[in-house]
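A.B. asks: Here is how the chains run, residue by residue.
2 protein chains.
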Amino acid sequence: MYRTHTCGELRMEHASSEVTLAGWVQKTRELGGMIFVDLRDRYGITQLVFNKDQDADLCDKAKALGREFVIQVKGEVMERTAKNDKMATGNVELIASEMKVLSASKTPPFTIENETDGGEDIRMKYRFLDLRRPAVQENIMLRHRIAQESRSFLNKSGFLEIETPFLIRSTPEGARDFVVPSRMNEGQFYALPQSPQTFKQLLMVAGYDRYYQITRCFRDEDLRADRQPEFTQIDCEIAFVEQEDVLNMFEGLAKHIMKYVHNIDVAEVPRITFAEAMRLYGSDKPDIRFGMTFTELNDVAQNKGFKVFDDAELVVGICAEGCATYTRKQLDALTDFVKRPQIGAKGLVYVKCNEDGTFKSSVDKFFDQEKLKAWADKMGAKAGDLLLVISGVKEKARKQMNELRLEMGNQLGLRKKDDFKFLWVLDFPLLEWAEEEERWVARHHPFTSPKAEDFDKMDTDPGAVRANAYDMVLNGTELGGGSVRIHDRGLQERVFELLGMSKEEAVEKFGFLMGAFEFGAPPHAGLAFGFDRMCALLGGADAIRDFIAFPKNNSGRDVMIDAPSKIDEVQYEELCIRAAPKVEA
Amino acid sequence: MYRTHTCGELRMEHASSEVTLAGWVQKTRELGGMIFVDLRDRYGITQLVFNKDQDADLCDKAKALGREFVIQVKGEVMERTAKNDKMATGNVELIASEMKVLSASKTPPFTIENETDGGEDIRMKYRFLDLRRPAVQENIMLRHRIAQESRSFLNKSGFLEIETPFLIRSTPEGARDFVVPSRMNEGQFYALPQSPQTFKQLLMVAGYDRYYQITRCFRDEDLRADRQPEFTQIDCEIAFVEQEDVLNMFEGLAKHIMKYVHNIDVAEVPRITFAEAMRLYGSDKPDIRFGMTFTELNDVAQNKGFKVFDDAELVVGICAEGCATYTRKQLDALTDFVKRPQIGAKGLVYVKCNEDGTFKSSVDKFFDQEKLKAWADKMGAKAGDLLLVISGVKEKARKQMNELRLEMGNQLGLRKKDDFKFLWVLDFPLLEWAEEEERWVARHHPFTSPKAEDFDKMDTDPGAVRANAYDMVLNGTELGGGSVRIHDRGLQERVFELLGMSKEEAVEKFGFLMGAFEFGAPPHAGLAFGFDRMCALLGGADAIRDFIAFPKNNSGRDVMIDAPSKIDEVQYEELCIRAAPKVEA
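Quick note, the sequences are listed as chains A and B, same order.
Take the first sequence: its position 462, counting from 1, is numbered 479 in my numbering, and each next residue is one higher.
Take the second sequence: its position 292, counting from 1, is numbered 309 in my numbering, and each next residue is one higher.
Just chain A, same shape as in the assembly:
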């Protein structure tokens, strides 16, 4: 060992003892004939002291140290005269008697501090240096803790961690597969799993009863901000359970993680149906850290002569508490916000509920005080509040209002990062209509079971069929989702048919699973958590990239190792493929 203690370990009780430390030079400074060096490792920082009077040569060596040099230092632990209570080791310092440079360092291209001067690109290129910053180390250590606590809970609950294969079969359904040419099977390809879905279901058929895996998944999608081509899931499946059992089990997991990682006791997680979530929040992943739920105003706002409302399918409002004081400028900014192309509202109606009991609105021309009062009453507004109203086609108006609600939540500071509000969203629709492909696609995935009471709608009104599907939402972000699966070949065939899959195609792609259902498949259900996202949310951050040791950029590149890259001609030959450059049309 190059050390007897870590840089975060020394305390008063070590005073007078001889120790050896090793670590990185955080900074050096000279003061009154002494060189002070902050020595850093994963565990903390310890102050080293080199005294000119004691050893001038050693002091000269210390003076020559640059930032990020790796050194080994021997010396005596001493109580500090000027204690630093911001550091765990701040009561002591190490009076160096020997020092050895283990590894020199060029000047790093950015400062290795939480508030670094390095931009995103340079930090990605030198990720091994970026990873040294304490803030990033904390993220990676948080991830470690969440993983271990998840396993601890699942192990105790009787789950088995079972590894499923990475080299599987390409069955593109929704997202694109990454594929891997097989050298031993000419003209054939493996695919990397988008999830271990079919394998975990087979494990249930195989009698493993409770399965989990913290595993990598792959999706070859055009990368939106903060999406990674490879990402990690906590993937789980249970046999002989109903939806209620699954909700309780994974609510237990969420509570366990919050308790043992953050020491926060999470109360019972509330539940809302998809339909309710859309009606009250215009979102299938409502942020319930704050209220400001939607009020539908059709009955009090329509047929009063305001054509925009009268033509609308939905008139919907929110009440922003205490915002009647918003200035013209602030209100204009809100209007601009909802009119941005990404949101696409035609306009925004406001009503100020003045302190004196009067109302001031942007539609005073059409609505007198009494009519505005009816809105305010319906929305439970009081003097000082601001009503914001959007109208239009129901689905669009709700989406727009959702954006506005979240924006108001931000403006009013109601979305605190250290406030953790979990929510179950239930009863998702089984299908959604894919405009481009002009067909129904599975909202969750094709293995999700429809609700028994909606079976009869499968032929007559597929869009109205609800699924035994559920999402766990945290602070307005989907943390995980799952469903009760189909375990009957006939029903599975019927759903494939609904999705426009021919019998042949279904057998070709998923024959192994449907075949398995014929040999005694237990009822089963499961759930997968987005692990990167979970780490980011629990770390109080937005970007998952900061919680992945070696992330890719938005072009799917690892700029540190410069991947992907060209391969040798020999590799092409062995794999029986060749490049076929895109021809511009």
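Take the hints with a grain of salt, since some may be wrong.
Since the list gives no way to pick out one identical chain from another, each pair is judged satisfied if it fits inside one copy or across any two copies.
What the hints assert, rightly or not - Keeping only pairs whose Cα atoms sit at most 25 Å apart, straight-line, the calculated PhoX-like set for lysine-lysine is:
id, residue 1, residue 2
1, Lys583, Lys599
2, Lys468, Lys117
3, Lys272, Lys173
4, Lys91, Lys321
5, Lys411, Lys356
6, Lys123, Lys520
7, Lys276, Lys173
8, Lys324, Lys276
9, Lys377, Lys388
10, Lys382, Lys356
11, Lys382, Lys363
12, Lys520, Lys142
13, Lys583, Lys520
14, Lys324, Lys377
Hints in this document: simulated from the structure, not taken from any laboratory.
Keep in mind that this is a model prediction, so the values were computed, not measured.
Model the placement of chain B on the given structure of chain A, informed by the hints.
C.D. replies: Coordinates of chain B only, in the frame set by chain A:
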């Protein structure tokens, strides 16, 4: 929940209570107006009783049950009249009052029992049924336990589990990479990692101090028996340590696993150098469950007129205790064994040490009693033992004798599967000569540090340079291996050069790592265990395939899902590749 208890849970204390079970029908039998059903799940088997006198209809339903039907049964727990002490639930049975078929089953293509009638191929195709066999379930559960205990030990030892990327850069060095065409980066490919080697070293440079991961690795090799294209490693790395620290740490891991998985206390793991291992066992992974070490006989066997020996570089023998009674037939079989082309010895010399103190050998013509006694004395043989001697070129003779020693160990029952003997093999050569490529290749990998005392041989006698490399061997199989790494750019460049890599190529492939070494790289070392192999060995089995939930066959195929497979034309187009069938020369 479909059940109140599992099929392995009921005991006498449950007698008279009403319970619900769910599981698979293992077998049914009719006896004196009753139907007995063995109901199976992951946890065990419970006997169900259907009584004609009580409920004839229910009894008829039970009679109709086939093997592997999934049922749910309600009833009262009763003490059995005829107890079965071979079953954990054998004191009780469930008197069924209600029964529901949750899922019917076709007749399975093979019996779901440890001694199945199904051949390898059919079991691979129906792997979800094979996985139901209790023996296989035990393997998968053993794997789970080993994984959890490994993590438990490493977590307690301050390691962080950190995930490294799967989509990396192709740097073929030794084995072939699996590659993944990048759609977003035309003409470029990712590679799947053969190991997280460079990333874990970068994590050390980044200050993470102690890293581990139980992770999948990929090698596109022609599959020898019991090799898988994807396999799992327990991958570890530690900073600021020397070889001794690593050996102690991972010896601790091995002991922990043996203690907590098998309740076996492993004593200190003995150590042997590579050179010693070759001299005494003719193998770099000696099976030390038994002795029978080699004795070099050149001084007593050469220059006595037997040309075969006189021309040999090495004459080497082993002493098989108590085998002087071997018959002519047995001795001929041993000779045939060593002459098999896979082993390739020219012949085998034997000496029987008779009980009466005389010797009988196959070379009596050249060696009189006195001379044979000299052999026996040198080998520490006693009356009743059998000496077996091979000669030839040193390296080949040792390999041949290694095979013979292992065979004798088998014949004498000295290689017990429940006897676990660990061994460290140290001081491996840094390089080995690759005949085909006519160059030195890294014996471990190119990041392994040469021993400082051998630096001067790097130019003059590269083959003699020893590395700071070590293997952990269990019962004659390599369980894991590792090395102290190079952490200095200059030394790393020199090793790449030794391996015949041009400066440009080295920078192109590993520039990111060498660059990282210039920013303060700590001394570091690590090790990786072959997890599949570890599970198999600890499960007392030879084949890793039985310890992998969904293994591939020897052609790298998953015959259950039929992968790899053809991909769509659209996929080819999007990836900018096309098929280039092999042209026969």
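A.B. asks: Run every hint past the structure and note whether it holds.
C.D. replies: Hints and how they fare:
Both within a single protomer and between protomers do Lys583 and Lys599 lie at most 25 Å apart by alpha-carbon distance, with minima of 16 Å and 21 Å respectively. Taking identical chains as interchangeable, the C-alpha atoms of Lys468 and Lys117 lie at most 25 Å apart only when they sit on different chains, with a minimum of 20 Å there against 70 Å within one chain. In the homo-oligomer, the alpha carbons of Lys272 and Lys173 lie at most 25 Å apart both inside one protomer (14 Å) and across protomers (23 Å), since each shortest distance falls under that limit. Proximity of Lys91 and Lys321 under a CA criterion of 25 Å is satisfied in neither setting, with 85 Å inside one chain copy and 63 Å between copies.
In this homomeric assembly, Lys411 and Lys356 come within 25 Å of each other (Cα to Cα) only inside a single copy, at 17 Å, whereas the closest approach across copies is 84 Å. For a Cα distance limit of 25 Å, the shortest separation of Lys123 from Lys520 across copies, 21 Å, qualifies, whereas the shortest one inside one copy, 64 Å, does not. Taking CA atoms no more than 25 Å apart as the test, Lys276 paired with Lys173 passes in both settings, with 16 Å inside one copy and 20 Å between copies. In this homomeric assembly, Lys324 and Lys276 never come within 25 Å of each other (Cα to Cα): the closest approach is 53 Å inside a single copy and 79 Å across copies.
In this assembly of identical chains, Lys377 and Lys388 lie within 25 Å of each other by CA distance solely inside one copy; the values are 12 Å within and 120 Å between copies. In this assembly of identical chains, the alpha carbons of Lys382 and Lys356 lie at most 25 Å apart only when taken from the same copy (22 Å versus 106 Å across copies). Taking identical chains as interchangeable, the C-alpha atoms of Lys382 and Lys363 lie at most 25 Å apart only when both belong to the same chain, with a minimum of 18 Å there against 110 Å between chains. For the homomeric pair Lys520 and Lys142, the shortest alpha-carbon distance between copies (21 Å) is at most 25 Å, but the shortest distance inside one copy (49 Å) is not.
Taking the shortest alpha-carbon separations for Lys583 and Lys520, only the inter-copy value of 19 Å comes in at or below 25 Å, while the best intra-copy value is 40 Å. Taking the closest pair of Cα atoms, Lys324 and Lys377 come within 25 Å of each other only inside a single copy of the chain (20 Å); across copies the shortest separation is 116 Å, beyond that limit.
Going down the numbered hints, you'll see the structure goes against 4 and 8, while the others check out.
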